[in-house]
Amino acid sequence: MAEKPRLKVPKEAKKGDLIEIKTLLPHVMESGQRKDRDGKMIPRKIINKFVCEFNGKPVFAVDLEPAVAANPYMQFHAKVDESGTFKFSWIDDDGTVTTAEESVTVM
Amino acid sequence: MTRGGILASGIATVVFMVTVFAIAGGSGALGQVTKEAPLETKGEASVRPWKRYVGWPARDESTYNTLGNVATPAAPTRPRKIAGPITGDAKKGSELVADRDRGGSCLACHVMGPAGGANLPGNIAPDLSEIGNAGREDEWLFNYIYDARVYNPETVMPPWGSHGFFNDEEINDMVAFLKTLRSPAAFKTALDDPSKRPPPVEKRENLDPIENPAMWSVDKAQELWKQAGAAGKSCQSCHASANAEFKTWAASMPKWEPRLEKVLGVEEFVTRHAKATTGADWLMESDENRAMSVYLHYLANGTPIRVDTTSPEAKAAIERGKELSARKVGQLNMACTDCHGKVANHWIRGQWLAEPKGQYDHFPTWRTSLLAIWDIRQRFQWCQVNIRADELPPDAKEYGDLELYLAAQNDGQKLSVPGIRH
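Chains as they are written, first to last, in the working numbering: chain A, 77 to 183; chain B, 1087 to 1508.
This is chain A alone, in the form it adopts within the complex:
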């Protein structure tokens, strides 16, 4: 079964707060540089892009390379001025897009 993303986003924040966001997606991050037991190359399969949006506006995005280890973990900060929803997307080499959302309420 596909593993679900792991997220840590504060439920509440004060207006203008810089909040810490942690995300992790279980994923093999197969680099494409390894050989299997029979000497055949194991094809590359990585998350090549991660995007975070808040209420539809981009907050943070990163291109990932094959050297990134399994289960890519991203920790970053975002300033929140209004209540809303963070949307996270992980884009796999095979085209699969895994998404997750977390809401934060600005007091």
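These aren't lab readings, by the way, just hints derived from the structure by calculation.
Note that the structure is predicted; figures quoted are calculated from it, not measured.
We put the CB at the ideal spot given by N, CA and C, even for glycine.
Possibly wrong hints are sitting among the right ones.
In silico EDC-like links for lysine to aspartate or glutamate, alpha-carbon gap of 20 angstroms or less [said to hold, decoys possible]: (1) A:K91 with A:E158; (2) A:K84 with B:E1297; (3) A:K80 with B:E1347; (4) B:K1306 with A:E79; (5) A:K87 with B:D1294; (6) B:K1408 with B:E1309.
Examples of chain B residues toward chain A, derived with CB under 10 angstroms [to be verified]: (7) L1293; (8) D1294; (9) P1295; (10) P1299; (11) M1301; (12) V1304.
Using the hints provided, position chain B relative to the given structure of chain A.
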């Protein structure tokens, strides 16, 4: 039990006993009284024939003791006579003592001056950096490497010669190197010096799923809990409130099981109980079994380990476990009590050898170096393979005795599962 009391072929042997059974285990803290849990008593609880895990060294060590078999040749009774002074190649010797592919290298246990760049040597055995000043005879040095048991029957040093790690010429080279050692080791950093290297401390948040991927098993197990097996029932069918029912259970395991006449840990219990009830095939060391074991231990987190050590059967099993833990096994000829008794709390190369207490409460644990969950039986198996002994299948009765002995030594330690270790 529906369908006329038979769940599926091969399950007709399930035994129902009407004796009372306190599900909370040794202490009976919850005071719940239920029927004894059904168990599949036929067959094995792990793959047969047992196959060593992918990626583990493939070696046949069947000429040496295992925990299930005694095969090691007897130790020599007297030193070998060496005619004349030994003239080996000291440079080759300095490489051999640091060669990790030859049973772990001398540096695993000894500081040896500049050998191996004085890089992370262990301190289990005497510092040999000035052995060249000790006035030892060549014959004594040769025999100490060849088979130290001729001088000290209690030694933990592997019999490098009689167990075939090194030939005579190679031992001669090492003797020649030892004779060149005349001044204390110069360590590049404090970490290289095993007397100053701080013991490892595990501070990670082992119950945080971002830190510890083994926590994902808790979610996975909760899905498995509701999944119907071949018999049409799920765990949920009988255990609707897992949180309350299993608040302490895992801390009372392992336990002597009279129907199988062996000690069962959580993992084998899950295999046999699931087979007998839901019909699920959750063999030990399958992903499902590991997930269920993590979950059932997790539910009992914080509970002090308290296993049955007083019934006659438990006492006998603990006694057997204690004897097994002192059996020298494998090509390296080591016993559990060597590394985790006699020389515990020392460094074997860069690895800390810990006492048995504290080595049970976090299993199954996440291995960050392997990206895998290991239960205690797999840990036992790796210890064996590491000292070049053939491992037993995870459900071997010997591991049951050993696990109970280990759990008894961890009495009172609070469960914190899944752990997280290198």
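Cross-check of the supplied hints:
Of the supplied pair hints, the one linking K91 (chain A) and E158 (chain A) holds, its CA atoms being roughly 6 angstroms apart against a limit of 20 angstroms. Pair hint K84 (chain A) plus E1297 (chain B) holds up; C-alpha atoms about 12 angstroms apart against a cutoff of 20 angstroms. Taken as a hint, the K80 (chain A) and E1347 (chain B) pair is broken in the structure, with Cα atoms around 41 angstroms apart against an allowance of 20 angstroms. A hinted pair counts as satisfied when its Cα atoms are at most 20 angstroms apart, and K1306 (chain B) with E79 (chain A) qualifies at roughly 9 angstroms.
Between K87 (chain A) and D1294 (chain B) the alpha-carbon distance is near 17 angstroms, which keeps this suggested pair within the 20 angstroms criterion. Straight-line distance between C-alpha atoms of K1408 (chain B) and E1309 (chain B) comes to about 39 angstroms, which puts the hinted pair past the 20 angstroms bound. Residue-level restraint check for L1293 (chain B) is violated (minimum Cβ-Cβ distance to chain A is 13 angstroms; threshold 10 angstroms). The criterion of a C-beta within 10 angstroms of any C-beta in chain A is met by D1294 (chain B), whose closest approach is roughly 9 angstroms, and the hint holds.
Given the 10 angstroms rule on beta carbons, the hint for P1295 (chain B) holds: about 5 angstroms separates it from the nearest Cβ of chain A. Annotation: P1299 (chain B) was flagged as interfacial toward chain A, and the flag holds, the nearest CB pair being 6 angstroms apart, inside 10 angstroms. At about 9 angstroms, the closest approach between the beta carbon of M1301 (chain B) and any beta carbon in chain A falls short of 10 angstroms, and the interface hint on this residue holds. A least Cβ separation of about 12 angstroms between V1304 (chain B) and chain A goes past the 10 angstroms threshold, and the interface hint is therefore violated.
The structure is inconsistent with the numbered hints 3, 6, 7, 12, although it conforms to all the rest.
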